[in-house]
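K.L.:
Using the sequences and the accompanying hints, generate a full structural model.
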Amino acid sequence: MPSHVVVDRTAKHVVLICASASFVILGAIFIFTMREGAPALQEIGLYNFLLGTEWRPGQEMFGILPMTVGSILVTLGSMVLAIPIGLACAILLAEVASFRVRRLLRPAVELLVGIPSVVYGLVGMLLIVPAVREIGGSGFSILAASLVLTAMVLPTIISISEDSLRAVPKGYKEAALAMGATQWQMIWHVQVPAARSGIMAGIVLGMGRAIGETMAMIMVIGNSPIIPTSPLSQGRTLTGNIAVEIMYASGIHRSALFSTGVILFLIILVLNTVATFALRRGLKAHHVA
Amino acid sequence: MDPKMQTRHLDFYYGENQVLKRVSLNMKERQITAMIGPSGCGKSTLLRVLNRMNEVIPDTRLQGEVLLDGNDIYASGVDVVEVRKRVGMVFQQPNPFPKTIYENIVFGPKMLGRRDKAYLNETVERSLRAAALWDEIKDDLSKSGLALSGGQQQRLCIARALAIEPEVILMDEPCSALDPVSTLKIEELMQELKKQYTIVIVTHNMQQAARVSDWAGFLLMGELVEYAETNEIFSRPQDKRTEDYITGRFG
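Residue numbers (my numbering), protein chains in the order written: chain A, 1 to 289; chain B, 1 to 251.
Just so you know, not all the hints are guaranteed correct.
[Unchecked claim] Below, simulated DSSO-like cross-link-like pairs (lysine-lysine); rule was C-alpha separation at most 30 Å, straight line: (1) A:Lys12 / B:Lys117; (2) B:Lys194 / B:Lys99; (3) B:Lys240 / A:Lys173; (4) B:Lys21 / A:Lys170; (5) B:Lys194 / A:Lys170; (6) B:Lys240 / A:Lys170.
[What the hints assert, rightly or not] Covered stretches of chain A, going by a simulated chain B footprint (3 or more residues, C-beta under 8 Å): (7) 166-172; (8) 188-194.
No wet-lab data here; the hints were simulated from the structure. Quick caveat: nothing in here was measured; it's all calculated off a predicted structure. Note that CB positions come from ideal geometry on N, CA and C, so glycine has one too.
P.N.:
The structure is reproduced here in structure tokens:
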């Protein structure tokens with residue numbers, strides 16, 4: 001066999017093996033977490049585990065509903081702020097800002113993604129928690145956690161939304177302007193709808209990041225395993241539940257923490273699938289055009 | 001009769017690069033004016049100047065006057081939305097929005113503040129009829145505009161431009177992306193439209209200019225070399241460069 005053919009085939013196989021590695025790792029994570037978590041699920045029962053409102057490892061009570069509610073609340077709370085702000089920033093960067101402003105802002109946005117979450121947590125403890133304390137309570141709260149998360153998911157939403165706004169064909173924009181639409185009408189009625197699926201994907205990926213965030217949440221949310229009754233009350237997230245307790249947990253308690261991980265895994269899986277479908281639909285729409 | 005649109009000593013620059021040089025041109029009402037010339041001669045730029053679409057591009061500069069019914073559309077205080085409402089445009093590549101056929105047509109009127117359902121319905125039918133598309137798609141108004149064929153898409157874009165009841169329609173090589181049958185349909189349509197509208201068309205296809213237009217201008221490197229009635233320019237060109245171009249010696 002000629003040598004270049006050998007090189008070709010070897011390269012192909014190496015790439016294939018590397019590519020399948022991520023798949024194998026994904027499967028391994030799921031299987032091992034599942035295996036560790038299974039005893040707890042058998043002992044507690046799926047119903048009591050998912051819908052139980054008391055998490056008291058000392059008394060063998062393992063209901064994760066408070067944490068699920070906590071995770072959902074901080075995620076939704078951050079989205080309420082991050083979606084409008086993120087979309088506004090994306091529009092600014094994609095359409096309104098001059099080249100110079102964009103050259104400054106875009107790297108700043110990208111830098112925000114790279115900051116370790118523990119640093120967000122520190123800033124949250126330093127600035128946001130005391131500010132929330134002024135309103136009431138200890139400051140460590142769902143509200144503080146939502147605010148910190150907002151800052152953390154913004155870059156994801158901004159950069160993906162900006163890219164999809166930019167990908168809108170020039171012809172759509174020109175057609176709208178030529179019909180007497182103002183720039184804002186064009187952006188709002190043509191560009192944003194045409195980029196809708198990409199923006200959706202950005203939002204869903206942002207939600208994935210929010211659900212998965214651990215360290216920054218532990219630092220500002222208070223970590224009480226209770227169902228929050230107001231934005232000012234403390235709470236705990238699914239991720240925080242695992243991280244706070246896993247180092248000293250054993251037996252059924254340890255297994256219940258792995259089950260918490262399985263639930264997290266499934267939530268993220270669903271969110272990512274939604275995002276992938278949204279993006280693919282968006283690509284197709286542009287393809288037809 | 002006064003011309004519907006006029007340019008007077010029009011200079012236009014992209015940055016330092018001058019693409020139109022002292023162009024003075026009259027576009028007569030309810031006539032078709034064609035601009036011909038080789039690629040890069042400035043004919044598309046000239047068209048975009050007529051409804052201020054050039055302003056979308058940064059770092060451009062314009063001198064001279066562009067008159068619509070005798071009034072300068074670049075004068076201070078003139079609303080660009082008003083200009084574009086009166087001077088509609090059809091682009092080279094059919095560009096219907098990824099919305100339904102109905103939504104495509106009511107887009108313009110809606111942006112201009114019309115919400116009245118009966119008016120919008122009537123506009124859709126009137127515009128599609130005027131664009132010779134009504135009979136083909138009247139039962140498919142809720143389908144995506146992108147589901148139509150290329151020629152139908154272009155006629156949809158014409159209908160969409162007609163929906164805001166313009167007075168002038170600018171067409172930027174409207175057939176260059178279409179097959180010969182669709183091209184013929186658009187050319188027939190133009191003959192119908194000129195009964196009511198003033199049309200300015202840019203084309204690189206000289207046969208098309210000869211077939212459809214009443215007046216023709218030859219642009220070369222930003223300069224209006226010759227401008228006359230179409231049969232005049234094609235049968236007895238006054239300038240050597242025009243003659244060379246239309247006889248296919250260059251371009």
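K.L.:
Against this structure, judge whether each hint is valid.
P.N.:
Comparing the hints with the structure gives:
1. A:Lys12 / B:Lys117: violated (60 Å)
2. B:Lys194 / B:Lys99: Distance of about 29 Å is within 30 Å: holds.
3. B:Lys240 / A:Lys173: violated (41 Å)
4. B:Lys21 / A:Lys170: Holds, at roughly 28 Å.
5. B:Lys194 / A:Lys170: Within the cut-off at roughly 28 Å; holds.
6. B:Lys240 / A:Lys170: Answer violated: B:Lys240 to A:Lys170 is near 38 Å, above 30 Å.
7. 166-172: As far as the segment 166-172 of chain A goes, the hint holds, because 3 residues have Cβ atoms under 8 Å from chain B.
8. 188-194: holds (count 4)
Checked against the numbered hints listed earlier, the structure breaks hints 1, 3, 6; every other hint is satisfied.
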